[in-house]
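Peer 1: Sequence:
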Amino acid sequence: MKHKLPLLLLLLSISAAAAQSPRRTEILWDTYGVPHVYAKDKNALFQAFGWAQMHSHGNLVLRLYGQARGRGAEYWGKQYLQADRWVRTMGIPKLAAEWYQAQKPEFRACLDAFVAGANAYVREHPDRLAEAVKVVLPVQATDVMAHTLRVIHFNFVTSPQWIEFNQKRWGAAGSNAWAVGPSRAAGRRAMLLANPHLPWSDFFLFYEAQLVAPGLDAYGATLVGFPLLAIAFNDCLGWTHTVNTFDGQDLYELTVADGGYRWDGAVRPFEQEEQTLKIRQPDGGLQEQKLLVKRSIHGPVVAEKPGKALALRVAGLDQPAMLEQYWDMVRSTNLPQFEQALKRLQIPMFTVMYADRDGHIMHLFGGRVPLRPEGDWNWAGIVPGDTSATLWTRTHPYEDLPRVVDPPSGWLQNANDPPWTTTFPLALDPEKFPRYMAPHFMSFRAQRSARMLDEDPSISFEELIEYKHSTRMELADRILGDLLAAARKQGGPVVWQAAEVLEKWDRSADAGSRGAVLFEAFVSELQRRSASSGPLAAPWRRDSPRATPAGLASPATAIAALEAAAAEVEKKHGAMDIPWGDVYRFRRDGLDLPGNGGPGGLGIFRVIGYSPDQERQGKMAASGGDSYVAAIEFSKPVRARVLLSYGNSSQPGSPHASDQLPLLANKQLRAVWRTRKEIEAHLESRKVF
15 MKHKLPLLLL LLSISAAAAQ SPRRTEILWD TYGVPHVYAK DKNALFQAFG
65 WAQMHSHGNL VLRLYGQARG RGAEYWGKQY LQADRWVRTM GIPKLAAEWY
115 QAQKPEFRAC LDAFVAGANA YVREHPDRLA EAVKVVLPVQ ATDVMAHTLR
165 VIHFNFVTSP QWIEFNQKRW GAAGSNAWAV GPSRAAGRRA MLLANPHLPW
215 SDFFLFYEAQ LVAPGLDAYG ATLVGFPLLA IAFNDCLGWT HTVNTFDGQD
265 LYELTVADGG YRWDGAVRPF EQEEQTLKIR QPDGGLQEQK LLVKRSIHGP
315 VVAEKPGKAL ALRVAGLDQP AMLEQYWDMV RSTNLPQFEQ ALKRLQIPMF
365 TVMYADRDGH IMHLFGGRVP LRPEGDWNWA GIVPGDTSAT LWTRTHPYED
415 LPRVVDPPSG WLQNANDPPW TTTFPLALDP EKFPRYMAPH FMSFRAQRSA
465 RMLDEDPSIS FEELIEYKHS TRMELADRIL GDLLAAARKQ GGPVVWQAAE
515 VLEKWDRSAD AGSRGAVLFE AFVSELQRRS ASSGPLAAPW RRDSPRATPA
565 GLASPATAIA ALEAAAAEVE KKHGAMDIPW GDVYRFRRDG LDLPGNGGPG
615 GLGIFRVIGY SPDQERQGKM AASGGDSYVA AIEFSKPVRA RVLLSYGNSS
665 QPGSPHASDQ LPLLANKQLR AVWRTRKEIE AHLESRKVF
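Our numbering puts the sequence shown at residues 15 to 703.
Bear in mind the hints are in silico, worked out from the structure with no lab data behind them.
Hints may contain errors.
As the list claims (entries may be wrong) - Straight line, CA to CA, 25 angstroms or less: simulated PhoX-like cross-link-like pairs of lysine-lysine:
1. 108 - 308
2. 518 - 503
3. 691 - 650
4. 633 - 586
5. 322 - 308
6. 691 - 56
7. 585 - 518
8. 56 - 118
9. 118 - 357
10. 54 - 701
11. 357 - 503
12. 308 - 292
13. 701 - 56
14. 681 - 518
15. 691 - 633
16. 691 - 701
17. 108 - 304
18. 322 - 304
19. 92 - 322
20. 518 - 586
21. 108 - 148
22. 304 - 92
23. 319 - 304
24. 92 - 148
25. 118 - 108
Note that the coordinates shown come from a computational prediction; the quantities given were computed from them, not determined experimentally.
Generate the whole structure from the sequences, applying the supplied hints.
Peer 2: Here is the structure:
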């Protein structure tokens with residue numbers, strides 16, 4: 015008998031493993047258009063995920079991949095020319111081919127499977143794709159690498175907008191993240207809040223999915239066109255990202271001489287390559303335009319003027335295994351395994367906020383931070399490029415990066431602030447790191463974030479979700495008292511009426527909040543009138559990070575700004591106390607709902623960005639901010655609620671292009687369906703391979 019028990023246990027173990035490992039590959043689509051991919055092996059998983067992305071975002075995927083080739087203008091016209099010039103100047107297509115060849119054969123096969131799935135979808139459903147984008151076909155694995163490089167390295171690490179900003183001196187994006195440890199959680203289980211803020215268009219769109227294969231059951235989201243989940247959780251752990259205050263780029267000023275540039279007392283020739291850009295004309299013909307790409311020892315030349323040039327240096331371009339690192343992260347089951355993946359530093363930037371079933375929480379200021387030479391150089395501006403004394407060639411190892419694990423406070427937060435203010439009491443000493451590692455500030459949104467966590471000693475899962483939706487304006491709490499006092503002393507009838515509206519206001523940006531529109535207009539007007547000196551009296555101070563900035567620099571200027579804002583709001587909207595949701599709207603795919611949330615600069619945690627509504631004068635339509643949201647409690651089983659604000663499909667006619675917008679308007683998250691029983695109960699369709 016003693017020999018039969020171990021055998022029985024072994025058979026039961028094998029049986030359980032077989033039950034958890036899919037015997038065939040299929041996609042179960044739930045009623046929110048989320049694909050739950052069950053695959054017999056990892057290659058089948060990647061192939062099915064490629065098929066799923068084309069089903070949900072086929073037109074967008076092909077357009078993004080065409081742009082990543084630097085051929086958007088050739089395919090679709092001159093509106094893509096500037097983007098093509100950027101892609102070609104940065105050398106993205108060539109680097110993508112090199113990165114693809116640098117993959118381990120096993121992972122290269124996964125990428126091949128992903129594009130095979132995308133191409134298979136096209137063969138099965140050619141009628142579901144726009145004719146204009148089919149010119150990109152067939153999709154190639156190098157397209158995936160090029161798209162990854164274009165988005166991460168050349169729009170997050172650096173971007174044309176960053177270069178343009180520095181050029182002006184020469185002559186969009188954010189997120190929230192929380193990790194709550196057991197000591198701070200009402201349920202005594204770690205919790206994670208993923209809350210990236212990105213534009214609701216183009217390559218910033220998220221795609222939500224569940225991926226199940228032998229040894230893997232992960233749920234999360236990734237940017238459209240990426241072959242792996244980038245923000246995810248499994249039964250054991252989870253992580254999210256924020257855009258950190260990382261500096262992995264530098265502009266070097268070159269002195270042009272004799273056809274080259276000055277370098278350490280001599281003249282060094284540029285590397286030069288002439289490329290041909292093709293531009294599709296309205297009649298279908300192609301016009302050619304030459305592009306001369308120059309490179310210095312620093313990197314590509316991005317601007318020139320008489321006698322001078324600017325060259326761009328970007329960190330992480332020699333680290334081709336970013337996607338494989340995500341694959342290792344999503345399959346990890348504990349903190350040591352997860353950190354082993356992180357230590358490779360293949361992901362060039364981003365904060366990593368982490369929590370797990372064992373109760374650990376972690377904040378890592380991630381990225382390939384250049385190991386910059388000593389000297390009094392302005393690394394935030396333009397650096398002299400005529401000497402090797404300023405050229406960095408290495409990056410900091412993992413051990414050098416700011417990192418906090420299991421702080422005494424029991425909580426961690428990041429709202430795109432530097433790592434120093436991730437928790438209180440402070441867990442990091444900035445003086446122990448190089449000055450260029452990260453700047454020193456704490457925005458009003460970050461202060462609001464820390465306030466909510468710090469003021470609640472026992473946070474429940476339901477409270478975590480409630481706090482996530484907070485539209486309270488930290489800036490209003492900071493200055494409204496001073497403004498109202500000044501209005502009573504110095505104001506006239508219009509100011510007194512405006513002050514009465516603001517005094518009754520709930521200091522939030524909920525749909526029914528009366529006074530929020532007036533306050534936002536006042537802040538904009540005050541900033542305009544105080545552009546040279548700043549609107550607040552006391553600047554932010556490291557010794558008082560959660561109480562500064564504070565005070566009105568000029569009460570008289572503030573009163574004048576309030577009077578002007580009040581007159582403008584009444585003129586445009588008919589009343590100073592118009593509800594926030596009457597002006598700020600959630601409009602998409604035929605829906606038009608009252609909005610809530612607003613700009614992070616006002617100290618609002620629930621960030622929504624708005625743009626002028628092109629169809630209705632005086633209205634603002636949501637265009638970014640809260641996108642994919644996930645609240646996760648690492649109980650057994652894991653408890654999670656999520657939302658993808660704009661829906662999980664961009665294909666014309668899809669019911670999932672805006673079906674989650676009403677939940678956004680009502681500040682609700684949806685249940686996560688992870689078990690087959692749950693998914694089958696909410697099944698929309700099934701695809702079997």
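Peer 1: For a quick check of understanding: which of the numbered hints are violated here, in increasing order?
Peer 2: Violated hints (numbers, rising): 11, 15, 19; every other hint is consistent with the structure.
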